[in-house]
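S.K.: Here is what each chain is made of, one letter per residue.
Number of protein chains: 2
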Amino acid sequence: MTEKVLASWKDGRVRQAILDFVHAATTPGAAFVDVADRIATFDNDGTLWVEQPLPPQFDFVFRIWEAEARTDPSLAARQPYKALIERDQAFFEGLAAQEPQVVSTLLEAFARSWAGTTPEEFEAQVREWMRTAKQPKLDVPYLELVYRPMLELFDLLRENRFRVFVCSGGGRDFMRVFAEETWGIPKENVIGSAAAYTYADGRLVRSHELLGDLNLGAGKPENIFAHTGRLPVLAGGNADVDIEMLRSARFALLVDHDDEQREFAYTKGAEASLAMAAELGWTVVSMKNDWTTVF
Amino acid sequence: MTEKVLASWKDGRVRQAILDFVHAATTPGAAFVDVADRIATFDNDGTLWVEQPLPPQFDFVFRIWEAEARTDPSLAARQPYKALIERDQAFFEGLAAQEPQVVSTLLEAFARSWAGTTPEEFEAQVREWMRTAKQPKLDVPYLELVYRPMLELFDLLRENRFRVFVCSGGGRDFMRVFAEETWGIPKENVIGSAAAYTYADGRLVRSHELLGDLNLGAGKPENIFAHTGRLPVLAGGNADVDIEMLRSARFALLVDHDDEQREFAYTKGAEASLAMAAELGWTVVSMKNDWTTVF
Chain A
72 MTEKVLASWK DGRVRQAILD FVHAATTPGA AFVDVADRIA TFDNDGTLWV EQPLPPQFDF
132 VFRIWEAEAR TDPSLAARQP YKALIERDQA FFEGLAAQEP QVVSTLLEAF ARSWAGTTPE
192 EFEAQVREWM RTAKQPKLDV PYLELVYRPM LELFDLLREN RFRVFVCSGG GRDFMRVFAE
252 ETWGIPKENV IGSAAAYTYA DGRLVRSHEL LGDLNLGAGK PENIFAHTGR LPVLAGGNAD
312 VDIEMLRSAR FALLVDHDDE QREFAYTKGA EASLAMAAEL GWTVVSMKND WTTVF
Chain B
72 MTEKVLASWK DGRVRQAILD FVHAATTPGA AFVDVADRIA TFDNDGTLWV EQPLPPQFDF
132 VFRIWEAEAR TDPSLAARQP YKALIERDQA FFEGLAAQEP QVVSTLLEAF ARSWAGTTPE
192 EFEAQVREWM RTAKQPKLDV PYLELVYRPM LELFDLLREN RFRVFVCSGG GRDFMRVFAE
252 ETWGIPKENV IGSAAAYTYA DGRLVRSHEL LGDLNLGAGK PENIFAHTGR LPVLAGGNAD
312 VDIEMLRSAR FALLVDHDDE QREFAYTKGA EASLAMAAEL GWTVVSMKND WTTVF
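Those protein sequence lines, which keep their order, are chains A and B.
Using our numbering, read the first sequence as starting at 72 and increasing by one per residue.
Using our numbering, read the second sequence as starting at 72 and increasing by one per residue.
If we strip away everything but chain A, and leave its shape as in the complex, we get (with noise of 0.2 Å):
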């Protein structure tokens, strides 16, 4: 490595914070924390990736159940297609509150797209969605607006025998198509909201059912413990379904979507992560102040 580390962060608070917490988390004293222990976790949509004005995988959802709408009109009259055709973005941000009504109607329309189907089917879909459809107001494609500053951060905490893991709301399948190209992060290190699959006569097909709860919240640490035996040492989010996870460790990162100018400026669905964090004392990262380079 002869590059600067964490290049694509501005010298300041934030970036000192980040190492000298990997600094101390990997020198014999106080705050060494054991190679075994060295879990790292990060939320996906809005911490590593732009969600506005949807989180990605909504338009990849969407144009789905669209085409499947246009082919069966009569869906149209029926929810979540008619929020879909009526562009009503308040129901959607019903599943992130998981309302219960807004959670069974998405996840039966779900099952309608997917159950029976393989993983290779699925993944085939997700690569035609990544190679095709593109951030409406940034006009390119969805796999271009990751945060290099969270990328060189991975690379950081791996040169430092920390695992990282993804640990997000969103599809755990959509996710583990392009993980492993994009992330550097294999398969196995993805932990996300999940259809149950069965294995019958030698193939996976996925069923109607999802495997567990949705990701969010207190599931999150619940499902990082479930997956790796322990809570993580770092944990990176942006939002309010991520205050347990970032809560369960040791160094809390919060992405502060502040920069309208070379993304989006919100606080929606994070004002009450930006309250705890001020009172716990996590490492608030401004995108405008904080990143010379978003992607």
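Rather than coming from a laboratory, the hints here were simulated on the basis of the structure.
Predicted model, so just to flag it, every value in this text is computed and none were measured.
Cβ atoms here follow ideal geometry from the backbone N, Cα and C, with glycine treated the same way.
Please note: incorrect hints may appear among the correct ones.
Chain A side only, calculated, beta carbon under 10 Å to chain B, not exhaustive [claimed, not checked]:
no., residue
1, G273
2, L282
3, G290
With beta-carbon atoms standing in for the labels, derived distance ranges [claimed, not checked]:
no., chain 1, residue 1, chain 2, residue 2, range
4, A, E170, B, E192, 48 to 56 Å
5, A, K81, B, N231, 38 to 46 Å
6, A, E74, B, L209, 49 to 57 Å
7, A, E170, B, A204, 21 to 29 Å
8, B, L178, A, T189, 42 to 50 Å
Reference listing, derived: stretches of chain B covered by chain A, where coverage requires no fewer than 3 residues with Cβ under 8 Å from a Cβ of chain A [claimed, not checked]:
no., stretch
9, 239-252
10, 268-279
Got chain A sorted already, so can you dock chain B onto it with the hints?
M.R.: Relative to the frame of chain A, chain B by itself:
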């Protein structure tokens, strides 16, 4: 590495089949396997350590339940405490067969013992058992009854950039206590049957519920996919509950317990897998003939 690979494996057809498979998987050609896809999965009880007269975790659990029945004699009339006191092994064998009545009775007893406990409390109990309990026939601590040839196989696989996972019907959290020191496998590479935990007030507490189903039969490839996003390239097992996992792998290794002298000789619970091995050409490991050293 100056030491011979698979040093405790006798030269012969089985050892050579393993070496040939690993060579082909890592050498450009038709059987090459991308590094990302190099997942190997192994059952634990009877595949990595002694499972007679019952899997060691039963010994751990039974000591806890016996203590509970002494404290609360009313339990002695109820299952599973009754079967335990009467040494009714057939009752417990109903677990592998997933008899609903047996499973629900056992799950109730697990919840009675451990609901509300933390991972640290459970780990302390397992460590105490590791320190004090001995296998009745062989009269040594259970952790000394891990098969050395299988640890050498793990080494060979890791040297060839396979990621090794343990995938057992046994308890995920039970195995994770000793996975790193015994197998050299990080906790996150252990897949097993598990209780759900809830995260609240900054801590994890075990709930009354099982997380998903028991990790047996079709549940093994299902859970391997859920955990890793892939099916295994190589799998090792020893029993009928491993059939689906072994079928899901390109190279399947079936451990045959035919060594009464050094371990145990039995085919009970493995009849169908031995027949399947003959039919599908799996590599059957004779403990008696293929291993120069067992422990």
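S.K.: Look at each hint and say if it fits the structure.
M.R.: Results for each hint:
1. G273: holds, 6 Å
2. L282: holds, 6 Å
3. G290: holds, 8 Å
4. E170/A with E192/B: 48 to 56 Å: violated, 36 Å
5. K81/A with N231/B: 38 to 46 Å: This hint holds: roughly 43 Å between Cβ atoms.
6. E74/A with L209/B: 49 to 57 Å: Distance hint for E74/A, L209/B holds at roughly 55 Å.
7. E170/A with A204/B: 21 to 29 Å: Violated, since E170/A and A204/B (Cβ atoms, about 49 Å apart) do not stay within the stated range.
8. L178/B with T189/A: 42 to 50 Å: violated, 32 Å
9. 239-252: With 4 residues close enough to chain A, the hint holds.
10. 268-279: n = 6 at 8 Å, threshold three: holds.
In the structure shown, a violation is registered for the earlier hints numbered 4, 7 and 8, in ascending order.
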